[in-house]
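Based on the sequences and whatever the hints tell you, model everything.
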Amino acid sequence: MSERTLIPISAQPRIGKIDEAEYFRLYEQSLADPDGFWGEQGKRLDWIKPYTKVCNASFTGDVSIRWYEDGTLNASANCIDRHLAKRGDQTAILWEGDDPAEDRRVSYRELHESVCRLANALKAKGVKKGDRVTIYLPMIPEAAVAMLACARIGAIHSVVFGGFSPDSLAGRIEDCRSTVLITADEGLRGGRKVPLKRNADTALKQCPQVKTVIVVKRTGGDIDWVKGRDHWYDEVCAVASPECPPAEMSAEDPLFILYT
Numbered sequence: 001m002s003e004r005t006l007i008p009i010s011a012q013p014r015i016g017k018i019d020e021a022e023y024f025r026l027y028e029q030s031l032a033d034p035d036g037f038w039g040e041q042g043k044r045l046d047w048i049k050p051y052t053k054v055c056n057a058s059f060t061g062d063v064s065i066r067w068y069e070d071g072t073l074n075a076s077a078n079c080i081d082r083h084l085a086k087r088g089d090q091t092a093i094l095w096e097g098d099d100p101a102e103d104r105r106v107s108y109r110e111l112h113e114s115v116c117r118l119a120n121a122l123k124a125k126g127v128k129k130g131d132r133v134t135i136y137l138p139m140i141p142e143a144a145v146a147m148l149a150c151a152r153i154g155a156i157h158s159v160v161f162g163g164f165s166p167d168s169l170a171g172r173i174e175d176c177r178s179t180v181l182i183t184a185d186e187g188l189r190g191g192r193k194v195p196l197k198r199n200a201d202t203a204l205k206q207c208p209q210v211k212t213v214i215v216v217k218r219t220g221g222d223i224d225w226v227k228g229r230d231h232w233y234d235e236v237c238a239v240a241s242p243e244c245p246p247a248e249m250s251a252e253d254p255l256f257i258l259y260t
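With the first letter of the sequence shown counted as 1, position 134 gets the number 134 in the working numbering; the numbers rise by one all the way through.
Simulated from the structure, these hints should not be mistaken for lab results. Please read all numbers here as calculations on a predicted model, not as lab measurements. Be a bit skeptical, because a hint or two may be false.
The calculated lysine-lysine pairs, modelled on DSS-like cross-linking and capped at a C-alpha distance of 27 Å, are [to be verified]: (1) Lys123 x Lys217; (2) Lys125 x Lys217; (3) Lys43 x Lys86; (4) Lys217 x Lys227.
Laid out in structure tokens, this is it:
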């Protein structure tokens, strides 16, 4: 059983760095000079190619709104890489399982390696920029790794809630034209096991275009296995390189598809 740690509220870092007066000053600026305001806010991100245009919007006819359209960046690098130099050993993910006795801490450096390995594993399976990857996982750190790995190589991820039925999963896979599924053997929810792989197998009978299924070993439960299609998450990541340069993406490139 892991040791429990309680952090007093007074010891937690303050997120808010502005007072009420500063908030209203910024609010008024956002109304009086939207481009100037959002131009400054955009600088909070790390850009590969800095933007020169802030907002390009047309509200007549076919409505079109484009933000920072000539800038390029990578969401994965903004979430991880920018923190490595000074915060690499600090906690990036603090996870508590269905049983509170089960927990994990993942540092930014560990997260970077995990994301790069999975990103390279996906590329080895033929995933490229613009391809769709469906993520059907329980609430575990690997879910965040999967999302960031897709972002790193420019693939578009679609997260499907682990409590959804095989038909609901199949519908979402078909609609976004996903070719890869990342799932787990089982999930744990409220002390009960959720047969994720079994549900996925049923769903994929309706989705012949899915040729690769990557499976996280969460419970170690017995599951069916399709040779050539199914691959253990740990195994494909173990043989992948821990370095993966982030893809240069337009600010207007799609990052994910999220259904209700």
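Hint check results:
{"no.": "1", "hint": "Lys123 x Lys217", "verdict": "holds, 21 Å"}
{"no.": "2", "hint": "Lys125 x Lys217", "verdict": "holds, 19 Å"}
{"no.": "3", "hint": "Lys43 x Lys86", "verdict": "holds, 19 Å"}
{"no.": "4", "hint": "Lys217 x Lys227", "verdict": "holds, 17 Å"}
When the structure is compared with the earlier hints, no violation turns up for any of them.
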